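Q: Listed in order, the protein sequences are those of chains A and B. Note that our numbering numbers the first sequence so that position 22 is 22, with each residue one more than the last. Note that our numbering numbers the second sequence so that position 110 is 110, with each residue one more than the last.
Be aware that one or more of the hints could be misleading.
Unchecked claim - Calculated cross-link-like contacts (lysine to aspartate or glutamate; reagent style DMTMM-like; alpha-carbon spacing at most 25 angstroms):
| id | chain 1 | residue 1 | chain 2 | residue 2 |
| --- | --- | --- | --- | --- |
| 1 | B | Lys17 | A | Glu27 |
| 2 | A | Lys26 | B | Asp122 |
| 3 | A | Lys191 | A | Glu142 |
| 4 | A | Lys42 | B | Glu152 |
| 5 | A | Lys39 | B | Glu55 |
| 6 | A | Lys39 | B | Asp35 |
| 7 | B | Lys94 | A | Asp190 |
| 8 | A | Lys49 | B | Glu105 |
| 9 | A | Lys26 | B | Glu152 |
| 10 | B | Lys94 | A | Asp192 |
| 11 | A | Lys42 | B | Glu123 |
| 12 | B | Lys94 | A | Glu135 |
| 13 | A | Lys39 | B | Glu152 |
| 14 | B | Lys94 | B | Glu104 |
| 15 | A | Lys42 | B | Asp157 |
| 16 | A | Lys42 | B | Asp132 |
| 17 | A | Lys26 | B | Asp132 |
| 18 | A | Lys42 | B | Asp122 |
| 19 | B | Lys94 | A | Glu186 |
| 20 | A | Lys108 | A | Asp121 |
| 21 | B | Lys27 | A | Asp121 |
| 22 | A | Lys39 | B | Glu104 |
| 23 | A | Lys49 | B | Glu153 |
| 24 | B | Lys94 | A | Glu27 |
| 25 | B | Lys84 | A | Glu135 |
| 26 | A | Lys39 | B | Glu105 |
| 27 | B | Lys108 | A | Glu27 |
| 28 | A | Lys26 | A | Asp40 |
| 29 | A | Lys26 | B | Asp154 |
| 30 | A | Lys26 | B | Glu123 |
| 31 | B | Lys17 | A | Asp121 |
| 32 | B | Lys119 | B | Asp157 |
| 33 | A | Lys49 | B | Asp132 |
| 34 | A | Lys49 | B | Asp122 |
Keep in mind that the hints were calculated from the coordinates and are not lab data. From a predicted model like this one, the values you see are computed outputs, not experimental measurements.
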Amino acid sequence: MQRIDGCSFLFQSGSCSVGRVVSELKEMGYTGMVTCGIKDEKIPPGDFKIIPVSYIRGANIRAIQKEVQDPLKKGKYCMVQAGENGLNRSLLTLPGIHTLCDLQSAPKNAFDRFCAQLAADRNIALDIRVRPLWELRGVPRERVIRTYEEILLLQNRYEFPLTISSGAQTLFDIRTSRAVTTLLTEIGMDKDLITRSFASVLGLLENHQAAREISV
Amino acid sequence: MRLRPSMRENYRYILAKVVCTELVDAKDIYHAVSDTFGSLFGEIQASFAWVAVMEYNPPYTIIRFRRGYGQKVEAALATITSVKGAAAAVHPVKTSGTIRTVREEIYKRNFSSRSGRVKINDEWFSAEIRTDNRINLIEKGINPNIPLYITEEDIEDLHYDE
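If we strip away everything but chain A, and leave its shape as in the complex, we get:
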C-alpha cells in the first residue's frame, strides 16, 4: 500500500536535509514524498519514492502558463496554487497541471461544481493540505474544515482525484500517516478515500505522461 506525502519543502524552503526527511517519513509510515527544492540527480537511491515537483504560485494565468509549458519542466509533476474562481477554471483547462493546491487559502467560492466537473474530466487532483488543521486555531481552522467539507461533497458527486500533503517545512510539521488518517477521519473524510488519496500521486503521473510512439 502506497502512502505518499503530497508536498513537503526541503532545505532551503525548509530546514531539513533530504536524508533526514526521508528517514523521518519512513519512520512515520510513508513510502514516498513529493518535494520541492530537489534536483533529479540529488535523489538518493532506495525504496523510498521521491517525486520532485514544480510548485507554481501566482495569480497571473499568463505567467503560470509560461511556467507550466517550460520545456525543461515538461513531464515533471506540477502543482499550481489555486486562486479565485475564474483563474481556477482556466488552470483546470491548461495541459501539464497535475494538482491544484492551497484551496484553503483561496477566496470563497473559488472551487465550484463547474471546476469539479473540469477536474474530474481532465483527471486533475485537488490537494488536501493537513498542516492548517494543526497550525490554525479557532475561526480560521473552522473555515478550513468547512472548505474541505465542501471539497469532499463535490468529490463525492464528481469523483475527481485528491492528494494529501503535509506541506512540512520543519521536523515539527511532519505527522505520522496514522495521525493524518485519524485527523481527516474526524473532519469527515472516508477511510477508503484517504487510502486512495495517499496513493493517487503515482496514478496522476502515469495518466499525464506524454503520448509515446510504439513500434509494432
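Position chain B relative to chain A; hints supplied.
A: Same frame as chain A, now just chain B:
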C-alpha cells in the same frame, strides 16, 4: 463518588513520541493535550475523555484516556504544535488496553543521544548526535546555508564532547 469495580469505565493507554526543542515535563504535555483537545472538540468532549498523562520518559509519553475516545485523543495529539511555548510535535505510536504492553514498546524503541561537534562544508557546528543516525544542529549562531536537521550521510566529520 465510589463505584463498584464492575460499574467502572475502562481505560486505554496510548504511547506517543514527543519531539520538542526544549526540556518539558509530564505536566506541560498534559496542558498541551488538554488545550488542543478542548480547542478541537470542545470542553464537554474534553471532560468526557478523561485524558491524563501517566508518565514521561523522554521522548516517549504514556497517555491514559476513557475507552471509546481513542480516535479523538489521537486527533488532538496530532494538532499539538507547541509544548510550554516551544515548537513540538506528538506522534501517537501504539494504543493498548494495559499500561504494561505500552511500557514494553518503549524498551523496544529506546535510543540515546550525545552532544558533539560536526563538520559540514569545512565548518564545525555544535550538535546533538543520536544513535539512530540522525543529527540535530544546535541553532545558536548557525550558518543559514546549512539545514538544521540532518543525517550522518550529510556530514564530513564528527567529534563527541568529553
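Q: Does each hint fit the structure? Answer for all of them.
A: To see whether the hints hold, each was checked on the structure:
1. Of the pairs offered as hints, the one joining Lys17/B and Glu27/A holds, with about 12 angstroms between alpha carbons and a cut-off of 25 angstroms not exceeded.
2. For the proposed pair Lys26/A and Asp122/B, the alpha carbon gap of about 30 angstroms is over 25 angstroms, so the pair is violated.
3. For the suggested pair Lys191/A and Glu142/A, the alpha carbons sit about 21 angstroms apart, so the restraint of at most 25 angstroms is met.
4. Under the criterion of a C-alpha separation no larger than 25 angstroms, the hint pairing Lys42/A with Glu152/B is consistent with the structure, at around 16 angstroms.
5. At roughly 44 angstroms between alpha-carbon atoms, Lys39/A and Glu55/B are farther apart than 25 angstroms, so this suggested pair is violated.
6. Of the pairs offered as hints, the one joining Lys39/A and Asp35/B is violated, with about 41 angstroms between alpha carbons and a cut-off of 25 angstroms exceeded.
7. For a cut-off of 25 angstroms, the pair hint linking Lys94/B to Asp190/A stands: about 22 angstroms separates their Cα positions.
8. A C-alpha spacing of about 29 angstroms is found between Lys49/A and Glu105/B, which places the hinted pair above 25 angstroms, so the restraint is violated.
9. Under the criterion of a C-alpha separation no larger than 25 angstroms, the hint pairing Lys26/A with Glu152/B is consistent with the structure, at around 16 angstroms.
10. Of the supplied pair hints, the one linking Lys94/B and Asp192/A holds, its CA atoms being roughly 22 angstroms apart against a limit of 25 angstroms.
11. At most 25 angstroms may separate the alpha-carbon atoms for a hinted pair to count; Lys42/A and Glu123/B meet this at roughly 22 angstroms.
12. The straight-line distance between the Cα atoms of Lys94/B and Glu135/A is roughly 24 angstroms, inside the 25 angstroms bound, and the hint therefore holds.
13. Under the criterion of a C-alpha separation no larger than 25 angstroms, the hint pairing Lys39/A with Glu152/B is consistent with the structure, at around 21 angstroms.
14. For the hint linking Lys94/B to Glu104/B, the alpha-carbon distance of about 11 angstroms falls within 25 angstroms, and the restraint holds.
15. Our distance criterion of 25 angstroms between C-alpha atoms is met by Lys42/A and Asp157/B, whose separation comes to about 21 angstroms.
16. A threshold of 25 angstroms between alpha carbons decides the hint, and for Lys42/A with Asp132/B the separation of about 23 angstroms falls inside it, so the pair holds.
17. Under the criterion of a C-alpha separation no larger than 25 angstroms, the hint pairing Lys26/A with Asp132/B is consistent with the structure, at around 13 angstroms.
18. A hinted pair counts as satisfied when its Cα atoms are at most 25 angstroms apart, and Lys42/A with Asp122/B qualifies at roughly 21 angstroms.
19. The suggested pairing of Lys94/B with Glu186/A holds, with an alpha-carbon distance near 19 angstroms, which does not exceed 25 angstroms.
20. For the proposed pair Lys108/A and Asp121/A, the alpha carbon gap of about 23 angstroms is at most 25 angstroms, so the pair holds.
21. A threshold of 25 angstroms between alpha carbons decides the hint, and for Lys27/B with Asp121/A the separation of about 52 angstroms lies outside it, so the pair is violated.
22. Among the hinted pairs, Lys39/A with Glu104/B is inconsistent with the structure: their alpha-carbon atoms are about 42 angstroms apart, more than 25 angstroms.
23. Only pairs whose Cα atoms come within 25 angstroms are accepted, and Lys49/A paired with Glu153/B is accepted, the gap being roughly 18 angstroms.
24. Among the hinted pairs, Lys94/B with Glu27/A is consistent with the structure: their alpha-carbon atoms are about 13 angstroms apart, no more than 25 angstroms.
25. Of the supplied pair hints, the one linking Lys84/B and Glu135/A holds, its CA atoms being roughly 16 angstroms apart against a limit of 25 angstroms.
26. Proximity of Lys39/A to Glu105/B is assessed by CA-CA distance (about 39 angstroms); at most 25 angstroms being required, the pair is judged violated.
27. Distance restraint check for Lys108/B and Glu27/A: the Cα-Cα separation of roughly 14 angstroms lies within the 25 angstroms cut-off, and the hinted pair is therefore satisfied.
28. A distance of roughly 20 angstroms separates the Cα atoms of Lys26/A and Asp40/A; the hinted pair therefore holds under the 25 angstroms criterion.
29. Annotation: proposed proximity of Lys26/A to Asp154/B holds, straight-line Cα distance about 18 angstroms (limit 25 angstroms).
30. Taking the CA atoms of Lys26/A and Glu123/B, the gap is near 29 angstroms; set against the 25 angstroms cutoff, the hint is violated.
31. Distance check on the hinted pair: Lys17/B and Asp121/A sit about 43 angstroms apart at the alpha-carbon level, beyond 25 angstroms; violated.
32. For the proposed pair Lys119/B and Asp157/B, the alpha carbon gap of about 5 angstroms is at most 25 angstroms, so the pair holds.
33. Taking the CA atoms of Lys49/A and Asp132/B, the gap is about 21 angstroms. The hint holds against a cut of 25 angstroms.
34. For the proposed pair Lys49/A and Asp122/B, the alpha carbon gap of about 31 angstroms is over 25 angstroms, so the pair is violated.
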